[in-house]
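Here the protein sequences line up with chains A and B, keeping their order.
When the letters of the first sequence are read in order and numbered with the working numbering, they come out as residues 1 to 389.
When the letters of the second sequence are read in order and numbered with the working numbering, they come out as residues 1 to 389.
All the given hints hold, so there is nothing to weed out.
Identical chains blur together in the list; that is why a pair holds if it fits in one copy or across any two.
Within a straight-line C-alpha distance of at most 25 Å, the following computed SDA-like cross-link-like pairs (lysine to any residue) qualify:
id, residue 1, residue 2
1, Lys86, Ala319
2, Lys86, Val42
3, Lys126, Ser143
4, Lys86, Asp323
5, Lys86, Ile339
6, Lys126, Glu98
7, Lys19, Pro120
8, Lys19, Gly136
9, Lys86, Arg326
10, Lys19, Gly301
11, Lys19, Thr134
12, Lys126, Gly101
13, Lys19, Val117
14, Lys19, Asp303
15, Lys126, Ala23
16, Lys126, Glu94
17, Lys86, Ala341
18, Lys86, Glu362
19, Lys126, Gly22
20, Lys86, Thr333
21, Lys86, Ala340
22, Lys19, Ala340
23, Lys86, Ser125
Keep in mind that the hints were calculated from the coordinates and are not lab data.
Protein chains: 2
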Amino acid sequence: MSVTGPAGFVAAGGAAGIKAGGAPDLAIVATADGRPVPAVGVFTTNLAPAAPVLVSREHLAASGGLAAGVVLTSGNANAANGAAGKAAALQLCELVAEELGAVPEQVLVCQTGLIGVPFPIEVVSKSVGRVAGTRGPDESDASAAAHAILTTDTVAKQALVAGPGFSVGAMAKGAAMLAPDMATMLAVVTTDAQVGPADLRAALVDAVGPSFNSLCIDGCTSTNDTVLVLASGLAGPPPAGCFEDALGEVCASLALQMAEDAEGATKVVRIVVSGAATDGEAHRAARKVAESQLVKCSFNGEDPYWGRVLSELGTAGVALNPDLVRISYGGVTVCEGGIAAGHDEHAVRVHMAGRHLELRCELGLGEGSGAVVTTDLGYGYIDENRTTS
Amino acid sequence: MSVTGPAGFVAAGGAAGIKAGGAPDLAIVATADGRPVPAVGVFTTNLAPAAPVLVSREHLAASGGLAAGVVLTSGNANAANGAAGKAAALQLCELVAEELGAVPEQVLVCQTGLIGVPFPIEVVSKSVGRVAGTRGPDESDASAAAHAILTTDTVAKQALVAGPGFSVGAMAKGAAMLAPDMATMLAVVTTDAQVGPADLRAALVDAVGPSFNSLCIDGCTSTNDTVLVLASGLAGPPPAGCFEDALGEVCASLALQMAEDAEGATKVVRIVVSGAATDGEAHRAARKVAESQLVKCSFNGEDPYWGRVLSELGTAGVALNPDLVRISYGGVTVCEGGIAAGHDEHAVRVHMAGRHLELRCELGLGEGSGAVVTTDLGYGYIDENRTTS
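Pulled out of the complex, with its shape left as it was, chain A reads as follows (with noise of 0.2 Å):
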């Protein structure tokens, strides 16, 4: 169900001719009735942020954090697109509001795809209309608009949560360009919820932070990043602490969905970092390790060279004594004191050949902990990104 599950919300998944071939490139999610509700939204970080980004960062300022639905599109970014770009965005918006019976400040936009190409305004609005006529409360609505915000992701990527007597749902794209303070992936979560602007704020707050925003794929961030969360109230207020919970599970549920559908990724990694002075410095340096070219190769390849592992610890710019540290992949310790640990090479080389690895790293410094979810680096993810034709 995703983000239909939660009563009082529709979806549409079209065609509307950014892509070639008539491949769904166009999507809604709206309340049902084309009520505002409380929203709330977390962006990119990027200084170059992409025309839709800049206009649901106004819609939200305007509405007061109100808003009636979220418009999508894949194939094209709309980004470096200057005055073009944003009125192009406006017009969407525009567009989806008077299907909806909303203002347009009351919607919001996501666009995703290639960075830099005039977004063809001209053709898609004349599809706005149709595909939002299709928008229904149905399993199969909600899997149409997932479908249609997809670029290189090879599958969708839905979450549905039930808590005591709500639900939160979800649906999300990204397959690169993933990094810390998220990039290149879109999400819409939609819950029945009660919950305040203020609340919601919070809740999206804290649950970006172990799933999104710990997630790295490649290190890059991008032009369009966002996270958008709708709470119609339907089911009234829910039970202390239930709503953060469900959000953070399916925030969670959308990021390793990300990681196994990374572009051209054979492994996906959880990366520990323990041990550290504090949880920021291990966190920064799981993630110091899970950018790192050659660690990445060295999953691709199913080799426990720690060598690089203590290499990348010792330049992530936190506190560190080579000495104390002990790192272990799937639980077995391969370098211990700094040094090399014997080990059983089988068990080793038996966890190196599954899909999900983890490798472990313990500081010995202090009580700060951190993880990072990553993949391998292989001939994969060269053949997606070396062209864009």
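Given the coordinates of chain A, work out where chain B should sit on it, guided by the hints.
Same frame as chain A, but now just chain B:
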């Protein structure tokens, strides 16, 4: 001639049993008469430095900045080997000191290769005397030394620059794990110019900035990076500024040779950022672009995808107004005012098809400029780095 070009130096290279199959893996560069001369070094900033880095630092401090020679090995980094690693590095210095008639504190040591593998000092110690006995002042001696320090390098890297009345010679290795603050790169520079320790240090610091520290292959900073300079003084004092110029030229040549020989690279790309708020911000922005997996893949695919470049500039942590950005490949502007610029596509295609690319980013904010040399990311890098076996 390289390191034996300047008067007063001898060199040797041979096999000591570290690498399989009898490949050369032990080099010595020393003063011809074993006399200690002014010497300075710059070392990796990695907090998990290898044993040879620890020992060389200590020896320079203990000797008051004097060295009679340098011993270098390849095939094993002697990093993450704890106390045994440090003892092995010390023993190498002792053995070479004996051959030179110097004290151990007057011998420096550089090592490169795999991290975390115990160094076979028992085996190597048997060959030090034999290799040292072959040392001489000829071009073939310098060449033997330059070849004995290579790892995944495919060619030896040497340079010799003549100044008025003096010369500067050098050899280096480095093929990956190259990043600002140097990385898996070793360089030994000799000169017969008479330069005092303070001037020697100042000149070296100035020389590494625009050369080794402006080279970024994969963003990884190794445990072993070392650049050493030994000055015999036999040519007397050089005219003001001339030694600094020659040293800068030598370092720039070695850095370019390293980029040309980078693991698996098919392109050498010079990234120039101008119009930044400060030189430091320009350099940081250039480095962020150079470290981007996505941008490096597009070099490999000969795709002038400037959108990714703009996106990286937006996350470089420097002041940016995307509306002022101009981006060009090979002198052809493809982005102006932050949006696509009509351009001669054939000219860009021809440029991208070459081996040497130039990417320029003008930020339009100030007078700051900086440049970084990098390479593309393709199958070759992955082939080199996915396993160590």
